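Given chain A, put chain B in place with the hints provided.
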Amino acid sequence: MTSGRRDGPRKTGRGSEPKVTQFRDHDVIVPQNTLRKAWAEPLAGGSDPVADAERALAALSGEFAGWMESECERLDAARGAVRAKGFDQETRQTIHHAAHDIKGHAATFGYPHAAAAAASLCRLIERTPDARRIPLELIDQHVDAVRAIVRERAEARADVVADALTTRLREVTDDFLRAENGGLLPDDDDILSPPTVPGLGPR
Amino acid sequence: MVRIDFNRLRFLLIDDNAHMRRILRTLLHGFGSREVYEAEDGAAGLEAFTHNIPDIVISDWAMPIFDGLELTQMIRQPGANANPFVPIIMLTGHSEKKRVMAARDCGVTEFLVKPISANALYQRILTVVVNPRPFIKTKTFFGPDRRRLVNPNYVGVERRKGSGKAEIIPQQALFERVKISE
Chain A
1 MTSGRRDGPR KTGRGSEPKV TQFRDHDVIV PQNTLRKAWA EPLAGGSDPV ADAERALAAL
61 SGEFAGWMES ECERLDAARG AVRAKGFDQE TRQTIHHAAH DIKGHAATFG YPHAAAAAAS
121 LCRLIERTPD ARRIPLELID QHVDAVRAIV RERAEARADV VADALTTRLR EVTDDFLRAE
181 NGGLLPDDDD ILSPPTVPGL GPR
Chain B
1 MVRIDFNRLR FLLIDDNAHM RRILRTLLHG FGSREVYEAE DGAAGLEAFT HNIPDIVISD
61 WAMPIFDGLE LTQMIRQPGA NANPFVPIIM LTGHSEKKRV MAARDCGVTE FLVKPISANA
121 LYQRILTVVV NPRPFIKTKT FFGPDRRRLV NPNYVGVERR KGSGKAEIIP QQALFERVKI
181 SE
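Chain order of the listed sequences is A and B.
Each residue of the first sequence is one higher than the one before, starting from 1 at the first, in this note's numbering.
Each residue of the second sequence is one higher than the one before, starting from 1 at the first, in this note's numbering.
Only chain A is shown next, with the shape it has when bound in the complex (with noise of 0.2 Å):
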């Protein structure tokens, strides 16, 4: 073990140094934990932060559908962008960016069907070499999805219609996909998250 060198880093900005080893082609670096300082003993008779922090969110969920309205707005105006201009670098990204924050949202919100139609525009928009070829009506027929599953969500049988018509739209979708890539459908290569704590199983 060699501790310093010239060229690497000194200092975390807390007065640490950090321990470097030096290999032919790289050096190993253990900077300082500096975040050992909020290891703490359990409380007796423990909390738990998870159910704190939970309980928190289900306070706010009263924000949630105004929430969800504000994105469907926005969903809705980057729609119409399109509409008047045509795909274009500015609009392509205004109206993706505006679903892919709808479909990493709208589950929290409680709108997981919502989610599940706009992460099929986001592969839509994302999948398409072209997207001056992207037919307006399948653009309209996501939003107009995304807009119907959240104002009618307390509707019965909601889910079950939400769910027949963002399978239908996936379904459309993948048509579209393969006549714009020579009849391949692009792979989703979605995978789960990489793991998280070694030797801690789910909660």
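Since the hints were made in silico from the structure, they are not lab data.
Mixed in with the good hints, there may be bad ones.
[Unchecked claim] Here are the in silico distance ranges between beta carbons for each label pair:
#1 Glu-158(B) / Asp-88(A): 43 to 51 Å
#2 Ala-84(A) / Glu-96(B): 29 to 37 Å
#3 Ser-70(A) / Val-155(B): 48 to 56 Å
#4 Asp-130(A) / Gln-77(B): 35 to 43 Å
#5 Glu-70(B) / Leu-184(A): 30 to 38 Å
#6 Arg-55(A) / Ala-82(B): 30 to 38 Å
#7 Val-155(B) / Arg-55(A): 43 to 51 Å
#8 Lys-19(A) / Thr-140(B): 21 to 29 Å
#9 Glu-152(A) / Thr-50(B): 45 to 53 Å
#10 Ala-154(A) / Val-155(B): 54 to 62 Å
#11 Ala-154(A) / Gln-77(B): 48 to 56 Å
#12 Arg-151(A) / Glu-35(B): 37 to 45 Å
Since we're looking at a predicted model, the values are computed, not measured.
Note that CB positions come from ideal geometry on N, CA and C, so glycine has one too.
Only chain B this time, still in chain A's reference frame:
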């Protein structure tokens, strides 16, 4: 079981979506954290990082000005800022393998795919606090060791060149670390 005193950790949240920042702040406050800073794009995030010196950065991928990957590369510049070793948790709607690998190769510490949950966020934070990985510096990479596991049965070519044989970077297992605090 190890416990984290969140009150001793300073967080920086970087996400251009105000709703997601509010969700993250709520979760972190629920964990017990009090020092939570926010920024709404990569440039503001870098400024907030330099100014506040957070213990942990939680960043979105897609953001205006420069994105989460570019931000990570800027933070992981040895000597360019106060703490190039800061843990960076990337929170994103992108789940494709190539995206995860790109983030890893830019020096992201942990990857968290939306939709977010309190448990998933907690687990990522627990990982970076309790089980930090060494950093590797090569001509083309500076970031947390991309080898999370040592496979004793690996028989392929060793790509790292050391003093005759592959080095084994000792990493204390989380299990051992947890036992310390019990």
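Would you list, in rising numerical order, the hints stated earlier that this structure does not obey?
none
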